[in-house]
Amino acid sequence: NTVRIIVYIIRSTIVMVLLMMTVFKNMSKTVLFDKKLFFNVLYLSVICISSMVVTLTSGGNKSLPNFTDIMVRSELLLAISIAAYLTIVVNRWDRVRSTLLANLLIAFEDLHHRLLAVLVRDKQKNQSEIANRVMRYTRLTLKLLFLSIQEDSNIQPLIECGQITTQEKTWLEAAELQTRPFIVIAWTNEFIKSLHLSGLDISSNTAVIRGGINAINAAVKTQLPYPYVHMLYWTVQLILFTISVEAGICIAVDSYWKENGDNLYRPTDDTVTWPASSQTWFSYNATLIVVGSFIFIIFAQCILTLTEKLNNPMSKEDSLMSATSLDSLLVKNLEAIHSGFQSYEDLDNANASKLALVGI
Numbered sequence: 070n071t072v073r074i075i076v077y078i079i080r081s082t083i084v085m086v087l088l089m090m091t092v093f094k095n096m097s098k099t100v101l102f103d104k105k106l107f108f109n110v111l112y113l114s115v116i117c118i119s120s121m122v123v124t125l126t127s128g129g130n131k132s133l134p135n136f137t138d139i140m141v142r143s144e145l146l147l148a149i150s151i152a153a154y155l156t157i158v159v160n161r162w163d164r165v166r167s168t169l170l171a172n173l174l175i176a177f178e179d180l181h182h183r184l185l186a187v188l189v190r191d192k193q194k195n196q197s198e199i200a201n202r203v204m205r206y207t208r209l210t211l212k213l214l215f216l217s218i219q220e221d222s223n224i225q226p227l228i229e230c231g232q233i234t235t236q237e238k239t240w241l242e243a244a245e246l247q248t249r250p251f252i253v254i255a256w257t258n259e260f261i262k263s264l265h266l267s268g269l270d271i272s273s274n275t276a277v278i279r280g281g282i283n284a285i286n287a288a289v290k291t292q293l294p295y296p297y298v299h300m301l302y303w304t305v306q307l308i309l310f311t312i313s314v315e316a317g318i319c320i321a322v323d324s325y326w327k328e329n330g331d332n333l334y335r336p337t338d339d340t341v342t343w344p345a346s347s348q349t350w351f352s353y354n355a356t357l358i359v360v361g362s363f364i365f366i367i368f369a370q371c372i373l374t375l376t377e378k379l380n381n382p383m384s385k386e387d388s389l390m391s392a393t394s395l396d397s398l399l400v401k402n403l404e405a406i407h408s409g410f411q412s413y414e415d416l417d418n419a420n421a422s423k424l425a426l427v428g429i
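So the sequence shown is residues 70 to 429, counted in this note's numbering.
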């Protein structure tokens, strides 16, 4: 029997370790693993322990203040304050993703569509080279937009992956970070002009692209009024501080009455079975307060951390919008447009041959 128990314990331990590893792996990209969140929770835990120690050493653990009204009002204030802020931040994040960036990608695709239509019509021999160069400029514009919002001026990786030349790098480095995407748009416009393609004017397309970039910059870089954000942050911190102090005092009081509170608790209903020992009840009460306060603190801190990350939807956070993913989507769409024009030319010639054979 002893061997079986040991084997059972070992198996259970292995299962629990594997389960915890799976949970931590899946949650490693969430706000629960944010360093700032960890230090905030640690700070509030120290406040809780400090209030408990002060209560015990001062002898104030023989009576429990009524925190109910204070906490209900505080939690109501927290709900009202943070709900509006979270709604604004999430709506702006969704507007950048589903409207502004989507419209910018559509403008890029429309530019290529118009260019390829003229190249195929004029039967340009080097249409693939022209399309590839414009595609490179388009991808470079999108990448520089992300870098400008992330305030990253390093464009050396773009040379290493072949997206810019050494001469282009020199011109881009000489320009301000926020103006770099507009320089590449100008390059695109002048390159297409130099081809002297009749019937092709892309000024309207480039105007839409510039407008899209300006709209994204305005949405991301124009934050809410600082006094409102400042007030909200410190309101939440004050409420969490109060909860931590309350939890520490409650633990101190329950630790006293657990030993000295016999016959001081009564069930409100005689049909309810209560613990035979008052120690069980007071231990349960203290555990409930600690666990409830900890969950509430984690929730509130997670909301603050989440809103802070969502303030910039195009930052370098792995959990937010990825420049690489959008670049891959753009490349696939542009290649599909190019392939569509090339395949239609072959299909049109084949259909013309079949119609000629049947005498139509």
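What the hints contain is simulated information worked out from the structure, not anything from laboratory work. No residue lacks a Cβ here, since even glycine has one placed at the ideal position from N, Cα and C. Errors might be hidden in some of the hints.
[Claimed, not checked] In silico DSS-like cross-links for lysine-lysine, where the CA-CA straight-line distance does not exceed 30 Å:
(1) 105 <-> 290
(2) 401 <-> 385
(3) 192 <-> 385
(4) 385 <-> 104
(5) 238 <-> 105
(6) 290 <-> 192
(7) 385 <-> 290
(8) 105 <-> 262
(9) 105 <-> 385
[Claimed, not checked] Now the in silico label distances, taken between C-beta atoms and shown as ranges:
(10) 220 <-> 280: 43 to 49 Å
(11) 393 <-> 307: 39 to 45 Å
(12) 111 <-> 302: 15 to 21 Å
(13) 290 <-> 413: 30 to 36 Å
(14) 114 <-> 160: 53 to 59 Å
(15) 167 <-> 270: 50 to 56 Å
Hint by hint, here is what the structure shows:
1. 105 <-> 290: 22 Å, holds
2. 401 <-> 385: OK: residue 401 and residue 385 at ~23 Å, within 30 Å.
3. 192 <-> 385: 43 Å, violated
4. 385 <-> 104: It holds: about 16 Å lies between the C-alpha atoms, which stays within 30 Å.
5. 238 <-> 105: Not OK: residue 238 and residue 105 at ~36 Å, beyond 30 Å, violated.
6. 290 <-> 192: 45 Å, violated
7. 385 <-> 290: 15 Å, holds
8. 105 <-> 262: Measuring from Cα to Cα gives roughly 51 Å; hence the hint is violated.
9. 105 <-> 385: Since the Cα atoms of residue 105 and residue 385 sit roughly 17 Å apart, the hinted pair holds (cutoff 30 Å).
10. 220 <-> 280: 43 to 49 Å: Cβ of residue 220 to Cβ of residue 280: about 22 Å, so the range 43 to 49 Å is violated.
11. 393 <-> 307: 39 to 45 Å: 41 Å, holds
12. 111 <-> 302: 15 to 21 Å: Holds: the Cβ-Cβ distance is about 18 Å, inside 15 to 21 Å.
13. 290 <-> 413: 30 to 36 Å: 42 Å, violated
14. 114 <-> 160: 53 to 59 Å: 34 Å, violated
15. 167 <-> 270: 50 to 56 Å: With Cβ atoms ~30 Å apart, the hint is violated.
The structure fails to meet hints 3, 5, 6, 8, 10, 13, 14 and 15 from the earlier list, while all remaining hints are met.
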